[in-house]
Amino acid sequence: MPAPHRETIRIATRRSPLAVWQAEYVARRLRKFFPGMATELVPIVTRGDKILDAPLARIGGKGLFVKELERALLEGKADIAAHSMKDVPTELPGELALPVILAREDPRDAFVSNRYRRLDELPSGARVGTCSLRRQCQIREHRPDLTLLDLRGNVGTRLSRLDADEFDGIILATAGLERLGFHDRISELLSPTKSLPAIGQGAIGIECRRGDLPIGSKIGVMNDLPTARCVQAERAMNEMLGGGCQAPVAGYARIEGGTLQLRGLVGSIDGRRVLRAEDSLPAESTETPGGIVDERSVIGLGHSVAKALFTQGAGEILATIRKIGC
Numbered sequence: 001m002p003a004p005h006r007e008t009i010r011i012a013t014r015r016s017p018l019a020v021w022q023a024e025y026v027a028r029r030l031r032k033f034f035p036g037m038a039t040e041l042v043p044i045v046t047r048g049d050k051i052l053d054a055p056l057a058r059i060g061g062k063g064l065f066v067k068e069l070e071r072a073l074l075e076g077k078a079d080i081a082a083h084s085m086k087d088v089p090t091e092l093p094g095e096l097a098l099p100v101i102l103a104r105e106d107p108r109d110a111f112v113s114n115r116y117r118r119l120d121e122l123p124s125g126a127r128v129g130t131c132s133l134r135r136q137c138q139i140r141e142h143r144p145d146l147t148l149l150d151l152r153g154n155v156g157t158r159l160s161r162l163d164a165d166e167f168d169g170i171i172l173a174t175a176g177l178e179r180l181g182f183h184d185r186i187s188e189l190l191s192p193t194k195s196l197p198a199i200g201q202g203a204i205g206i207e208c209r210r211g212d213l214p215i216g217s218k219i220g221v222m223n224d225l226p227t228a229r230c231v232q233a234e235r236a237m238n239e240m241l242g243g244g245c246q247a248p249v250a251g252y253a254r255i256e257g258g259t260l261q262l263r264g265l266v267g268s269i270d271g272r273r274v275l276r277a278e279d280s281l282p283a284e285s286t287e288t289p290g291g292i293v294d295e296r297s298v299i300g301l302g303h304s305v306a307k308a309l310f311t312q313g314a315g316e317i318l319a320t321i322r323k324i325g326c
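The sequence shown begins at 1 in UniProt numbering and counts up one residue at a time.
The set of hints was computed from the structure by calculation and includes no laboratory data.
Yeah, the Cβ is synthetic: ideal placement off N, Cα and C, and Gly gets one too.
Careful, some of the hints might be misleading.
To be verified - Now the in silico label distances, taken between C-beta atoms and shown as ranges: (1) 295 to 211: 48 to 58 Å; (2) 189 to 224: 20 to 30 Å; (3) 178 to 220: 22 to 32 Å.
Claimed, not checked - 30 Å max Cα-Cα, derived BS3-like pairs, lysine-lysine: (4) 77 to 67; (5) 67 to 32; (6) 307 to 194; (7) 323 to 194; (8) 32 to 77; (9) 67 to 218; (10) 32 to 218; (11) 32 to 194; (12) 194 to 77; (13) 323 to 307.
Could you build all of it, start to finish, from the sequences and the hints given here?
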C-alpha cells in the first residue's frame with residue numbers, strides 16, 4: 001500500500017540564524033499540535049539582509065525584512081511566514097493577514113559588554129553599538145556623554161564585533177539573545193523605564209494568505225490572546241503616529257492585575273526631546289471569547305496614547321526626522 005499522504009506546511013523565513021530559529025520553533029509547535037503534519041522551511045534573503053553598510057533608517061521604505069517573505073506567500077511559494085513582530089509594518093498587503101501572535105518572550109533590551117556590568121558604569125565617551133534610532137534617543141537622554149555607533153548584522157556578527165573591541169558595549173533584544181543561547185552574554189537587562197522596547201519586541205507573528213481557511217484553522221491554535229491584544233495596542237499606537245519600524249518610537253503593553261497598560265514614547269534622535277504617554281483599560285471581559293478585552297478596545301487604547309503623544313509635539317519630531325532622511 002502507498003504511504004499515507006502527509007500534509008506539508010511551507011514556512012517562509014529570513015536566512016539569519018535568529019529567523020531560522022523562530023521558523024523552526026513555529027514548525028515544532030505545529031507538529032506538536034498536528035503530529036502527522038510535515039513542515040518545510042523556505043529561506044529567503046530580504047532587502048534588509050542585503051544592505052548592511054547603512055543604518056536601517058537611511059535605507060528607507062517599509063517592510064525591509066518582510067516584503068520578500070510576503071511575496072512568497074502571494075506567489076504560492078510558501079503557506080505561512082514567521083516574523084519578528086518588531087519588523088512587521090502596521091499596514092499589510094490586502095491579500096494577507098496576521099492572525100497569529102505567539103506568546104511573548106522577554107521584551108526588554110539587553111546591555112552586553114565584556115568590561116562593564118551595567119550601562120551606567122560606562123565611562124564618558126565609551127562606544128556603544130546600536131543602529132536603532134529608538135535605542136539611540138533613549139540612551140542619549142540618559143547618557144548624553146556616550147559615543148553611539150551604528151551596528152548592523154545578525155546577533156553573532158554583532159557579538160563578534162564587540163569581542164573584537166570595536167565597542168565598549170552593545171544593545172540587543174533580550175529575546176533574540178536567549179533564543180540563540182546567548183543568555184550568559186547579557187550584562188544588564190534594561191528596564192522599560194530606561195529603554196522602552198520596540199513595538200512588538202519579543203513576539204513572533206505568523207502571516208498567511210487572507211481567506212486560506214485550511215491554513216488559518218491550523219495555525220490559529222498557536223495564537224496567544226493576551227500577547228495578541230498587547231501587540232495590537234502597540235501597533236495601533238504606531239500606526240496612528242506613522243512611526244514605521246525604524247523611527248524613534250517605542251511602545252510596550254502588558255497585562256497586570258486585570259489591567260492592560262500601554263506606554264508609548266517618541267523621541268528626537270539627539271535625545272533632547274523624549275515624549276512619554278500611557279493609558280490603560282480593563283483587560284478582562286465577560287463578553288468576548290477567552291475572557292480578554294476585544295481588539296477594537298485595544299486599538300482605541302493605542303489611539304489614545306498616540307493622541308496624547310501628538311498633543312506633546314510628537315508630530316513635529318517625526319516630521320523633522322522624515323525631512324533629514326531617517
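How the hints compare with the structure:
1. 295 to 211: 48 to 58 Å: For residue 211 against residue 295, whose Cβ atoms are near 19 Å apart, the range 48 to 58 Å is violated.
2. 189 to 224: 20 to 30 Å: Since residue 189 and residue 224 have Cβ atoms about 22 Å apart, the given range 20 to 30 Å holds.
3. 178 to 220: 22 to 32 Å: At 26 Å between Cβs, range holds.
4. 77 to 67: holds, 14 Å
5. 67 to 32: Between residue 67 and residue 32 the Cα gap is close to 29 Å, so the pair holds against 30 Å.
6. 307 to 194: holds, 23 Å
7. 323 to 194: It holds: about 27 Å lies between the C-alpha atoms, which stays within 30 Å.
8. 32 to 77: Measuring from Cα to Cα gives roughly 24 Å; hence the hint holds.
9. 67 to 218: holds, 24 Å
10. 32 to 218: Measuring from Cα to Cα gives roughly 12 Å; hence the hint holds.
11. 32 to 194: The hint is violated at about 38 Å.
12. 194 to 77: violated, 42 Å
13. 323 to 307: Status holds; Cα separation ~22 Å.
Violated hints, in rising order: 1, 11, 12; the structure is consistent with all others.
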